[in-house]
Amino acid sequence: MELTVSARQPFSLPAVISSHGWVQLLPFESDENYTWFKTILELESGKVVQVEISEAPGGARVSIHDEVTPEEAAEIEAIIHWMLDTDLDMTSFYAHARHEPRLAGAEASGRGRILRCPTVFEDVVKTILTTNTAWSGTKRMVRGLVDRYGAPLPGDPERKAFPCASRLAEGNVETLRQECKLGYRAPYVLELARRQASGEIDLEAYKTDHLPTPELRKQLLALKGVGDYAAANLLMLLGHYDYIPVDSWALTMVSREWYNGEPITRKEVEAAFEGWGEWKGLAFWLWEWNAT
DNA sequence: GGTAGACCTGGACGC
DNA sequence: GCGTCCAGGTCTACC
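When we follow this note's numbering, the leftmost residue of the first sequence carries the number 660, and every step to the right adds one.
Mixed in with the good hints there might be a few duds.
Said to hold, decoys possible - Here are the computed lysine-lysine pairs in the PhoX-like style, where the Cα-Cα straight-line distance is at most 25 Å:
1. 866 with 877
2. 866 with 939
3. 866 with 706
4. 866 with 883
5. 798 with 697
6. 939 with 926
7. 798 with 926
8. 840 with 798
9. 883 with 697
10. 926 with 883
11. 939 with 877
12. 926 with 877
The hints are simulated quantities; they were obtained by calculation from the structure and are not laboratory data.
Could you put the whole structure together from the sequences, leaning on the hints where they help?
Structure below.
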């Protein structure tokens, strides 16, 4: 079965897929030119399906590799719209970016949207797993979670969806620590899953609740394992660009650009992009840094 | 509000 | 091959 999702223009699927490293983490797959990506979804009905998203005029084509009901197809369509952020209006950002040489090409190349996971829960878990580790470690931890707790794809059970909160909540710290190699992050992820599964928190509500950024940031920082960097990263994934995810790479890049390589703090990074207002985080994200 | 140490793992490095 | 050191953010305790 195939669906077509339309997107506000300009839209570039390769730009969305290559917007950050999510597509390198299971259960995502992609070609090296980022012309398509696949992922495995566990639907509300419990059905597990594989979807492939490729380029199409005005948006993207969604190929569903399994039989689904009309209700399930509608659910998949909504998920893909969310993942691709198809309705994002970047008019004011592009108007500003036209006057900045390091961002002048953003509009022409359709850059600006950031690939989201199907669920906010998956985005939060993966963000926690990017902290205090190398990228190879993040990939290993995500693979461990998917292999150990993911729902298998019928017909190809070696491939699995990202584990939903209730499935992960049934796990234990030792398994997460030893088998999935989460280390000290294990209790953070387990607590998050149990709170989400029990209804104590509702991360998916962030898709539709339009909270002011400071309030949303406060709620994200209240999650164990989510600090300044992770909160800023999640805010961007949720469509709030007024904070910068400052990690060691950001400190290096901003220092080289404006501070002659001298040691700086996150305050200097924020100050460097202050003029971008509500688009501060996106300007940082898309900035074309010197390669040196 | 700022700082120091602990947390955990993989990779780089020296022997 | 082995041991040591370091990088990578967050949490907690403390000032």
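Outcome of the hint check:
1. 866 with 877: holds (16 Å)
2. 866 with 939: holds (21 Å)
3. 866 with 706: holds (22 Å)
4. 866 with 883: Given pair residue 866, residue 883 holds - Cα atoms ~20 Å apart, limit 25 Å.
5. 798 with 697: Given pair residue 798, residue 697 holds - Cα atoms ~17 Å apart, limit 25 Å.
6. 939 with 926: holds (13 Å)
7. 798 with 926: Violated, at about 30 Å.
8. 840 with 798: holds (11 Å)
9. 883 with 697: violated (30 Å)
10. 926 with 883: OK: residue 926 and residue 883 at ~23 Å, within 25 Å.
11. 939 with 877: Distance ~18 Å between residue 939 and residue 877 Cα, so the pair holds.
12. 926 with 877: Since the Cα atoms of residue 926 and residue 877 sit roughly 18 Å apart, the hinted pair holds (cutoff 25 Å).
In terms of the numbered hints stated before, the structure departs from hints 7 and 9, listed from lowest to highest.
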